[in-house]
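Using the sequences and the hints given, assemble the complete structure.
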Amino acid sequence: MTAPLVVTRARRRRAFGSPSGYLSVALLLLFALTAVFGPMLVDKPRGLGADILQSPSAQHWFGTDDLGQDVFAQVIWGTRISMAVGVAASLIAIVIGTALGLLGAYVKRLDPFISTLVDVMLSLPLLPLMILVTALVGASATSLIVVIGLLSWAEVARLIRSNGMVVASMPYIDGAKVLGAGPLRIIGTELLPAVSPLIVVSVLLTAARAVISEAGLSFLGMGDPSSWSWGRILLNAQRSGVIATAWWQTLFPSLAILLLVLSATIAGIRYNDSRDPRTRGV
Amino acid sequence: MSEPIVTVRGLSVDFHTRDGVVKAVQDLDLDLHPSRTLALLGESGSGKSVTAQAIMGLLDSPPARITAGSVRFRGVDLLQASAAERREANGGGISMVFQDSLSALNPVYTVGGQIAELLRVRRGMSRRAAWDRAVELIDHVRIPAPARRAKDYPHQFSGGMRQRIMIALAIALEPSVLIADEPTTALDVTVQAQIMELLLDLQRENGMGLMLITHDLGVVAEVADDIAVMYAGRVVEKGGVHELFADPAHPYTRGLLRSVPRVDRADSTLWAIPGSPPNLLDLGEGCAFRERCDTAVGVCAVERPALARPVADAGSRLAACHRSEEVVHGRA
Chain A
1 MTAPLVVTRA
11 RRRRAFGSPS
21 GYLSVALLLL
31 FALTAVFGPM
41 LVDKPRGLGA
51 DILQSPSAQH
61 WFGTDDLGQD
71 VFAQVIWGTR
81 ISMAVGVAAS
91 LIAIVIGTAL
101 GLLGAYVKRL
111 DPFISTLVDV
121 MLSLPLLPLM
131 ILVTALVGAS
141 ATSLIVVIGL
151 LSWAEVARLI
161 RSNGMVVASM
171 PYIDGAKVLG
181 AGPLRIIGTE
191 LLPAVSPLIV
201 VSVLLTAARA
211 VISEAGLSFL
221 GMGDPSSWSW
231 GRILLNAQRS
241 GVIATAWWQT
251 LFPSLAILLL
261 VLSATIAGIR
271 YNDSRDPRTR
281 GV
Chain B
1 MSEPIVTVRG
11 LSVDFHTRDG
21 VVKAVQDLDL
31 DLHPSRTLAL
41 LGESGSGKSV
51 TAQAIMGLLD
61 SPPARITAGS
71 VRFRGVDLLQ
81 ASAAERREAN
91 GGGISMVFQD
101 SLSALNPVYT
111 VGGQIAELLR
121 VRRGMSRRAA
131 WDRAVELIDH
141 VRIPAPARRA
151 KDYPHQFSGG
161 MRQRIMIALA
171 IALEPSVLIA
181 DEPTTALDVT
191 VQAQIMELLL
201 DLQRENGMGL
211 MLITHDLGVV
221 AEVADDIAVM
231 YAGRVVEKGG
241 VHELFADPAH
251 PYTRGLLRSV
261 PRVDRADSTL
271 WAIPGSPPNL
281 LDLGEGCAFR
291 ERCDTAVGVC
301 AVERPALARP
311 VADAGSRLAA
321 CHRSEEVVHG
331 RA
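If you're matching them up, the sequences are chains A and B in order. Counting in the working numbering, the first sequence runs from 1 upward without gaps. Counting in the working numbering, the second sequence runs from 1 upward without gaps.
No lab work stands behind these hints: they were computed from the structure. Cβ coordinates follow ideal geometry from the N, Cα and C atoms, glycine included. Please note that a few of the clues may not be correct.
Restraint-style ranges between C-beta atoms, simulated for each label pair [unchecked claim]:
{"hint": "1", "chain 1": "A", "residue 1": "F113", "chain 2": "B", "residue 2": "P107", "range": "39 to 49 Å"}
{"hint": "2", "chain 1": "B", "residue 1": "E285", "chain 2": "A", "residue 2": "S169", "range": "52 to 62 Å"}
{"hint": "3", "chain 1": "A", "residue 1": "P183", "chain 2": "B", "residue 2": "H16", "range": "21 to 31 Å"}
{"hint": "4", "chain 1": "A", "residue 1": "L110", "chain 2": "B", "residue 2": "A312", "range": "49 to 59 Å"}
{"hint": "5", "chain 1": "B", "residue 1": "E136", "chain 2": "A", "residue 2": "K108", "range": "32 to 42 Å"}
{"hint": "6", "chain 1": "A", "residue 1": "K108", "chain 2": "B", "residue 2": "G218", "range": "19 to 29 Å"}
{"hint": "7", "chain 1": "B", "residue 1": "E197", "chain 2": "A", "residue 2": "L91", "range": "51 to 61 Å"}
{"hint": "8", "chain 1": "A", "residue 1": "L110", "chain 2": "B", "residue 2": "S103", "range": "43 to 53 Å"}
{"hint": "9", "chain 1": "B", "residue 1": "Q194", "chain 2": "A", "residue 2": "S123", "range": "56 to 66 Å"}
{"hint": "10", "chain 1": "A", "residue 1": "S123", "chain 2": "B", "residue 2": "D19", "range": "29 to 39 Å"}
Sample of chain A residues at the chain B side, in silico, Cβ under 7 Å [stated by the list, open to error]:
{"hint": "11", "residue": "K177"}
{"hint": "12", "residue": "V178"}
{"hint": "13", "residue": "L179"}
{"hint": "14", "residue": "D273"}
And the structure:
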């Protein structure tokens, strides 16, 4: 019982012991806390004040927009939507991708179909497709989640399938068959635990991409018009024609996107590397 | 002798590869009797493991294809059985022990958890009862401190102990047939003896039929009742262990026995059968062993010898050699 715990602890130290490791995790935590508690601490951004288009100051840390709304408050409130869409969409993508990946890895007859489907999905131009579908179903946070989730599982499926195939040829899978285990049981209790570290990595990387997709779609006006998200702040700046002059209105939401995506990606890569003995200590 | 529990008739397995069709097993007949041990003897590539995999339904097709034959168990032909019938037979009816116990156990679960899960799923036991039974089984295969060891992971066991865990898992559903595919090959000699002894004790307790796949003649001599010698995908000689060891009727069996080093002979070099096994892609006409055979004659290149009694009063002995009568009498 003790040995795997020690291994887990050592692995965690390897993954997150370096500055890039713990900084990225700390940033992710900060974003998560902001998403949960930020709107309780910061007033909902209101417009129609006198302070319009002010540059950052002690009173308005990130400045104000053309309606006099505080950009800092918008970024804080936007964190919730951006992260919620990112996480929810990545969960949809993970569930579909893992299920199809494991089916393809284990059920040889289904593999050609699943592989072809994955290849088709990967070769589709995703952004135009997302724009089209969101425009058709109507702009809202839910439709963003569903559209992004349903269109980004292919990479997860490919990753899980290739690793599942390695596990599927292990003798202990034959061992399970010899004892009368059916395909569903083998996929659920033998293959799934073996690829679970990869699922962790995929969640992080897919969420990072989903945040970018969300920002992009919101910037293009596909987001929920009644709530803030980082992409929406950028859209407002562009719509009101101040994108060239009010640099604070575009810089801060962009920085938030950059930091969140960067930290999620680095955390994912660090975790992945820590599982590979060849990159140990890098 | 009692009725066989497993009867294999005319089993043929092909592998479809890029270079052609490999005939891994051809026209194989075997009978497994309760409380008896059948040793399937042969060198690497002779088809012994493929035979076991065909019986257990482990062959991946493609590339493997069972082209003919039947495996009857409790009146059901397992090769024609539905997936559900097959799963029902596996584990509870026929079970298997693998050579490499480290990779044959799931590394992410404790050994007790793996045995308990099997019992919960297949026997509908409660979590508690299944765990208690798992500890009992671990105790039964003579692992000290079973209650504590049940909570360990496969990599925390030594090779011999891990093989015992594999055996505990294989007998958990009380199968009537156990196939052991080179169960002791990866172990050192003293541990090998303990594992074989354990298997025989379990066999004595519950009367299961044991099929032992091995290339170890020492193990065979000690534990087997019957032997089937395989060469290039076919059984070349079959019989009881004593007659077969005393008077081999096939030159290949004779060669195998001769190549065992012995302390009571002052040989300076080890004797080995000359040449190497034939290419299974292209066996051609005639006897597959003829090119390595020291007794081959003209007919061996033209006509493949069928399994037949080497001498008229040979009982259940069979050999596939044109000159088996001379070989068994030591005249060729």
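Cross-check of the supplied hints:
| no. | hint | in the structure |
| --- | --- | --- |
| 1 | A:F113 x B:P107: 39 to 49 Å | violated (31 Å) |
| 2 | B:E285 x A:S169: 52 to 62 Å | violated (36 Å) |
| 3 | A:P183 x B:H16: 21 to 31 Å | holds (23 Å) |
| 4 | A:L110 x B:A312: 49 to 59 Å | holds (57 Å) |
| 5 | B:E136 x A:K108: 32 to 42 Å | holds (38 Å) |
| 6 | A:K108 x B:G218: 19 to 29 Å | violated (40 Å) |
| 7 | B:E197 x A:L91: 51 to 61 Å | holds (53 Å) |
| 8 | A:L110 x B:S103: 43 to 53 Å | violated (25 Å) |
| 9 | B:Q194 x A:S123: 56 to 66 Å | holds (58 Å) |
| 10 | A:S123 x B:D19: 29 to 39 Å | holds (34 Å) |
| 11 | K177 | holds (6 Å) |
| 12 | V178 | holds (4 Å) |
| 13 | L179 | holds (4 Å) |
| 14 | D273 | violated (21 Å) |
Checked against the numbered hints above, the structure violates hints 1, 2, 6, 8 and 14; every other hint is satisfied.
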